[in-house]
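Participant: Sequence:
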Amino acid sequence: MVIEHPPKFFRSLLPEGIFKISSGEERKVYLTFDDGPIPEATPWVLDELDRHGVKATFFMVGDNVRKYPLLYEEVLRRGHRVGNHTMHHLQGVKCSAEDYLQDVEQAARYIGSDLFRPPHGWLLRSQAKRLSERYKIIMYDLVTRDYSRYVDAARIVENVKQYVTPGSIIVFHDSVKSIDKLKSALGESIEWLKQEGYTFGIL
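If you're matching positions, the sequence shown starts at 1 in my numbering and goes up one per residue.
Please keep in mind that the hints were generated in silico from the structure rather than gathered at the bench. Check each hint, because a few of them may be wrong.
Claimed, not checked - The calculated lysine to aspartate or glutamate pairs, modelled on EDC-like cross-linking and capped at a C-alpha distance of 16 Å, are:
(1) LYS177 - GLU40
(2) LYS55 - GLU191
(3) LYS20 - GLU40
(4) LYS129 - GLU98
(5) LYS183 - GLU48
(6) LYS67 - GLU40
(7) LYS194 - GLU4
(8) LYS183 - ASP47
(9) LYS161 - GLU191
(10) LYS129 - GLU16
(11) LYS161 - ASP180
(12) LYS136 - ASP114
(13) LYS28 - GLU191
(14) LYS136 - GLU105
(15) LYS183 - GLU40
(16) LYS129 - GLU105
(17) LYS183 - GLU133
(18) LYS28 - GLU196
(19) LYS55 - GLU74
(20) LYS177 - GLU196
(21) LYS194 - ASP50
(22) LYS161 - GLU196
(23) LYS194 - GLU105
(24) LYS129 - ASP114
(25) LYS183 - GLU74
Stated by the list, open to error - Restraint ranges, calculated between C-beta atoms of paired labels, are given here:
(26) GLU158 - LYS28: 20 to 26 Å
(27) SER12 - GLU40: 17 to 23 Å
(28) GLY197 - ASP47: 21 to 27 Å
(29) HIS120 - GLU40: 18 to 24 Å
(30) GLY187 - LYS136: 27 to 33 Å
Ideal placement from N, C-alpha and C gives every residue a C-beta, glycine not left out.
Please work from the sequences and hints to get the whole structure.
Facilitator: Have a look at this one:
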(Lines of atoms letter the chains of each structure in order from A; the text may use other names.)
(Lines give C-alpha, C1' and ligand atoms only; values in the text may rest on other atoms or scores of the structure.)
Protein backbone atom coordinates (compact mmCIF):
# COMPACT_ATOMS: atom_id res chain seq x y z
CA MET A 1 0.00 0.00 0.00
CA VAL A 2 2.89 2.39 0.68
CA ILE A 3 3.89 2.22 -2.98
CA GLU A 4 0.44 1.91 -4.55
CA HIS A 5 -1.14 4.67 -2.47
CA PRO A 6 1.46 6.99 -0.90
CA PRO A 7 0.70 7.75 2.75
CA LYS A 8 0.23 11.22 4.17
CA PHE A 9 3.75 11.20 5.63
CA PHE A 10 5.32 10.67 2.21
CA ARG A 11 3.15 13.39 0.70
CA SER A 12 4.13 15.80 3.47
CA LEU A 13 7.79 15.45 2.48
CA LEU A 14 7.05 17.19 -0.81
CA PRO A 15 4.64 20.08 -0.23
CA GLU A 16 5.44 21.40 -3.71
CA GLY A 17 4.05 18.21 -5.28
CA ILE A 18 0.53 17.67 -6.61
CA PHE A 19 -0.60 14.19 -5.59
CA LYS A 20 -4.30 14.50 -6.33
CA ILE A 21 -6.64 16.90 -8.12
CA SER A 22 -9.51 18.26 -6.06
CA SER A 23 -12.69 17.46 -7.97
CA GLY A 24 -15.43 18.04 -5.41
CA GLU A 25 -18.31 15.69 -6.12
CA GLU A 26 -17.08 14.91 -9.63
CA ARG A 27 -15.72 11.39 -10.16
CA LYS A 28 -12.74 12.24 -12.34
CA VAL A 29 -9.31 10.61 -12.58
CA TYR A 30 -6.12 11.45 -14.44
CA LEU A 31 -4.18 8.78 -16.33
CA THR A 32 -0.44 9.30 -16.68
CA PHE A 33 2.30 7.27 -18.37
CA ASP A 34 5.98 7.45 -17.42
CA ASP A 35 9.30 6.66 -19.09
CA GLY A 36 8.50 6.75 -22.84
CA PRO A 37 8.28 7.37 -25.62
CA ILE A 38 9.54 4.09 -27.05
CA PRO A 39 8.44 2.24 -30.20
CA GLU A 40 7.88 -1.02 -28.29
CA ALA A 41 5.12 0.46 -26.11
CA THR A 42 3.97 4.00 -26.83
CA PRO A 43 2.17 3.37 -30.17
CA TRP A 44 0.10 0.58 -28.63
CA VAL A 45 -0.79 2.74 -25.61
CA LEU A 46 -1.88 5.56 -27.91
CA ASP A 47 -4.09 3.22 -29.94
CA GLU A 48 -5.64 1.76 -26.79
CA LEU A 49 -6.40 5.22 -25.39
CA ASP A 50 -7.97 6.17 -28.71
CA ARG A 51 -10.08 3.01 -28.63
CA HIS A 52 -11.51 4.04 -25.27
CA GLY A 53 -11.74 7.75 -26.05
CA VAL A 54 -9.40 8.74 -23.23
CA LYS A 55 -6.69 11.40 -23.04
CA ALA A 56 -3.67 11.16 -20.76
CA THR A 57 -0.42 12.85 -19.77
CA PHE A 58 2.90 11.31 -20.77
CA PHE A 59 5.92 12.09 -18.58
CA MET A 60 8.77 11.56 -21.00
CA VAL A 61 12.46 10.86 -20.62
CA GLY A 62 14.32 13.43 -22.68
CA ASP A 63 16.77 10.94 -24.14
CA ASN A 64 13.86 8.88 -25.46
CA VAL A 65 12.36 11.98 -27.09
CA ARG A 66 15.76 12.69 -28.63
CA LYS A 67 15.85 9.20 -30.11
CA TYR A 68 12.18 9.04 -31.13
CA PRO A 69 11.02 12.59 -31.93
CA LEU A 70 8.21 11.40 -34.21
CA LEU A 71 6.66 9.48 -31.31
CA TYR A 72 6.77 12.65 -29.22
CA GLU A 73 4.97 14.52 -31.99
CA GLU A 74 2.42 11.71 -32.34
CA VAL A 75 1.52 11.89 -28.65
CA LEU A 76 0.81 15.60 -29.04
CA ARG A 77 -1.01 15.12 -32.34
CA ARG A 78 -3.45 12.75 -30.67
CA GLY A 79 -4.38 15.34 -28.08
CA HIS A 80 -2.42 14.21 -25.04
CA ARG A 81 -0.22 16.29 -22.76
CA VAL A 82 3.46 15.75 -22.09
CA GLY A 83 5.66 16.36 -19.08
CA ASN A 84 9.38 16.37 -18.25
CA HIS A 85 10.74 13.22 -16.57
CA THR A 86 14.43 14.26 -16.69
CA MET A 87 16.86 13.59 -19.52
CA HIS A 88 18.32 10.33 -18.19
CA HIS A 89 15.69 9.10 -15.70
CA LEU A 90 17.74 10.30 -12.73
CA GLN A 91 16.78 9.65 -9.14
CA GLY A 92 17.10 12.98 -7.39
CA VAL A 93 18.31 11.66 -4.04
CA LYS A 94 21.32 10.06 -5.76
CA CYS A 95 22.79 13.20 -7.29
CA SER A 96 23.47 16.81 -6.43
CA ALA A 97 20.87 19.50 -6.90
CA GLU A 98 22.90 21.13 -9.67
CA ASP A 99 23.41 17.90 -11.62
CA TYR A 100 19.74 17.05 -11.30
CA LEU A 101 18.52 20.47 -12.40
CA GLN A 102 20.91 20.45 -15.35
CA ASP A 103 19.51 17.09 -16.42
CA VAL A 104 15.95 18.42 -16.21
CA GLU A 105 16.89 21.46 -18.27
CA GLN A 106 18.57 19.27 -20.86
CA ALA A 107 15.30 17.35 -21.20
CA ALA A 108 13.42 20.64 -21.52
CA ARG A 109 15.22 21.28 -24.81
CA TYR A 110 13.24 18.35 -26.21
CA ILE A 111 10.05 18.49 -24.12
CA GLY A 112 7.95 21.62 -24.17
CA SER A 113 6.02 21.49 -20.92
CA ASP A 114 5.52 23.16 -17.57
CA LEU A 115 4.85 19.77 -15.94
CA PHE A 116 7.52 17.73 -14.19
CA ARG A 117 7.49 14.35 -12.47
CA PRO A 118 10.58 13.01 -10.65
CA PRO A 119 11.64 9.48 -11.63
CA HIS A 120 11.01 7.01 -8.80
CA GLY A 121 9.03 9.72 -7.02
CA TRP A 122 12.04 10.94 -5.05
CA LEU A 123 13.90 14.23 -5.10
CA LEU A 124 15.61 16.47 -2.58
CA ARG A 125 13.78 19.44 -1.08
CA SER A 126 16.37 21.77 -2.58
CA GLN A 127 15.64 20.29 -6.00
CA ALA A 128 11.88 20.52 -5.49
CA LYS A 129 12.01 24.15 -4.41
CA ARG A 130 14.03 25.15 -7.45
CA LEU A 131 11.92 23.13 -9.87
CA SER A 132 8.67 24.50 -8.46
CA GLU A 133 9.70 27.97 -9.67
CA ARG A 134 9.28 26.78 -13.26
CA TYR A 135 7.24 23.57 -13.18
CA LYS A 136 4.13 22.08 -11.65
CA ILE A 137 5.52 19.03 -9.88
CA ILE A 138 3.03 16.26 -10.61
CA MET A 139 3.26 13.30 -8.25
CA TYR A 140 0.61 10.58 -7.93
CA ASP A 141 -2.19 9.22 -5.80
CA LEU A 142 -2.16 5.69 -7.24
CA VAL A 143 0.75 3.67 -8.63
CA THR A 144 -0.35 0.57 -10.56
CA ARG A 145 3.10 -1.06 -10.24
CA ASP A 146 2.85 -2.26 -13.82
CA TYR A 147 6.66 -2.10 -14.01
CA SER A 148 7.20 -4.75 -11.31
CA ARG A 149 8.06 -8.33 -12.21
CA TYR A 150 6.18 -9.35 -9.06
CA VAL A 151 2.89 -7.84 -10.28
CA ASP A 152 0.80 -9.44 -13.01
CA ALA A 153 -1.96 -7.90 -15.14
CA ALA A 154 -4.72 -8.99 -12.76
CA ARG A 155 -2.97 -7.32 -9.81
CA ILE A 156 -2.58 -4.10 -11.78
CA VAL A 157 -6.35 -3.97 -12.29
CA GLU A 158 -6.93 -4.81 -8.63
CA ASN A 159 -4.61 -2.00 -7.57
CA VAL A 160 -6.72 0.43 -9.61
CA LYS A 161 -9.94 -0.90 -8.11
CA GLN A 162 -8.61 -0.89 -4.55
CA TYR A 163 -6.95 2.51 -4.38
CA VAL A 164 -8.69 4.85 -6.84
CA THR A 165 -10.70 7.76 -5.48
CA PRO A 166 -12.11 10.88 -7.17
CA GLY A 167 -9.22 13.09 -8.22
CA SER A 168 -6.63 10.30 -8.32
CA ILE A 169 -3.57 10.80 -10.50
CA ILE A 170 -2.85 7.26 -11.72
CA VAL A 171 0.58 6.09 -12.89
CA PHE A 172 1.11 3.57 -15.68
CA HIS A 173 4.27 3.17 -17.78
CA ASP A 174 4.73 3.03 -21.54
CA SER A 175 7.83 0.89 -21.12
CA VAL A 176 9.20 -2.51 -22.09
CA LYS A 177 8.72 -3.74 -18.52
CA SER A 178 5.02 -2.88 -18.55
CA ILE A 179 3.69 -3.30 -22.05
CA ASP A 180 2.86 -7.03 -22.05
CA LYS A 181 0.78 -6.64 -18.90
CA LEU A 182 -0.85 -3.43 -20.09
CA LYS A 183 -2.20 -5.20 -23.15
CA SER A 184 -4.88 -6.65 -20.92
CA ALA A 185 -4.73 -4.48 -17.79
CA LEU A 186 -5.05 -1.01 -19.32
CA GLY A 187 -8.28 -1.57 -21.20
CA GLU A 188 -9.80 -3.52 -18.33
CA SER A 189 -8.90 -0.75 -15.88
CA ILE A 190 -10.39 1.95 -18.10
CA GLU A 191 -13.61 0.01 -18.64
CA TRP A 192 -14.00 -0.64 -14.91
CA LEU A 193 -13.45 3.03 -14.12
CA LYS A 194 -16.10 4.00 -16.66
CA GLN A 195 -18.54 1.50 -15.17
CA GLU A 196 -17.94 3.06 -11.76
CA GLY A 197 -18.86 6.46 -13.14
CA TYR A 198 -15.41 7.94 -13.51
CA THR A 199 -14.48 10.33 -16.26
CA PHE A 200 -10.95 11.13 -17.42
CA GLY A 201 -9.28 14.48 -17.08
CA ILE A 202 -6.01 15.73 -18.47
CA LEU A 203 -3.43 17.56 -16.38
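Participant: For every hint, state whether the structure bears it out.
Facilitator: Status of each hint after checking the structure:
Of the supplied pair hints, the one linking LYS177 and GLU40 holds, its CA atoms being roughly 10 Å apart against a limit of 16 Å. Simply put, LYS55 and GLU191 have alpha-carbon atoms about 14 Å apart, close enough for the 16 Å limit, and the pair holds. Restraint check for LYS20 and GLU40: the C-alpha separation of about 30 Å exceeds 16 Å, so the hint is violated. Distance restraint check for LYS129 and GLU98: the Cα-Cα separation of roughly 12 Å lies within the 16 Å cut-off, and the hinted pair is therefore satisfied.
Restraint check: the Cα-Cα separation between LYS183 and GLU48 comes to about 9 Å, which is no more than 16 Å; the hinted pair holds. Simply put, LYS67 and GLU40 have alpha-carbon atoms about 13 Å apart, close enough for the 16 Å limit, and the pair holds. Distance restraint check for LYS194 and GLU4: the Cα-Cα separation of roughly 21 Å exceeds the 16 Å cut-off, and the hinted pair is therefore not satisfied. Note on LYS183 and ASP47: the hinted pairing holds, with a Cα-Cα distance of about 11 Å set against a maximum of 16 Å.
About 11 Å separates the Cα atoms of LYS161 and GLU191, which keeps this hinted pair within 16 Å; it holds. At most 16 Å may separate the alpha-carbon atoms for a hinted pair to count; LYS129 and GLU16 meet this at roughly 7 Å. A distance of roughly 20 Å separates the Cα atoms of LYS161 and ASP180; the hinted pair therefore is violated under the 16 Å criterion. Taking the CA atoms of LYS136 and ASP114, the gap is about 6 Å. The hint holds against a cut of 16 Å.
Between the alpha carbons of LYS28 and GLU191 the distance comes to roughly 14 Å, so the proposed pair stays at or under 16 Å and holds. For the proposed pair LYS136 and GLU105, the alpha carbon gap of about 14 Å is at most 16 Å, so the pair holds. This hinted pair checks out: LYS183 and GLU40 have alpha carbons roughly 12 Å apart, not beyond 16 Å. With a CA separation close to 15 Å, the supplied pair LYS129 and GLU105 stays within the 16 Å bound.
Straight-line distance between C-alpha atoms of LYS183 and GLU133 comes to about 38 Å, which puts the hinted pair past the 16 Å bound. Simply put, LYS28 and GLU196 have alpha-carbon atoms about 11 Å apart, close enough for the 16 Å limit, and the pair holds. The hinted pair formed by LYS55 and GLU74 meets the criterion: a straight-line CA distance of about 13 Å does not exceed 16 Å. With a C-alpha separation of about 28 Å, the suggested pair LYS177 and GLU196 falls outside the 16 Å cut-off, and the hint is violated.
Restraint check: the Cα-Cα separation between LYS194 and ASP50 comes to about 15 Å, which is no more than 16 Å; the hinted pair holds. Of the supplied pair hints, the one linking LYS161 and GLU196 holds, its CA atoms being roughly 10 Å apart against a limit of 16 Å. A distance of roughly 37 Å separates the Cα atoms of LYS194 and GLU105; the hinted pair therefore is violated under the 16 Å criterion. About 15 Å separates the Cα atoms of LYS129 and ASP114, which keeps this hinted pair within 16 Å; it holds.
At roughly 20 Å between alpha-carbon atoms, LYS183 and GLU74 are farther apart than 16 Å, so this suggested pair is violated. Distance hint check: the CB atoms of GLU158 and LYS28 are about 21 Å apart, consistent with the given range 20 to 26 Å. Between SER12 and GLU40 the Cβ separation comes to about 37 Å, which falls outside the hinted range of 17 to 23 Å. With their beta carbons about 25 Å apart, GLY197 and ASP47 fall inside the hinted range of 21 to 27 Å.
Between HIS120 and GLU40, the C-beta spacing of about 21 Å keeps the proposed range 18 to 24 Å intact. With their beta carbons about 29 Å apart, GLY187 and LYS136 fall inside the hinted range of 27 to 33 Å.
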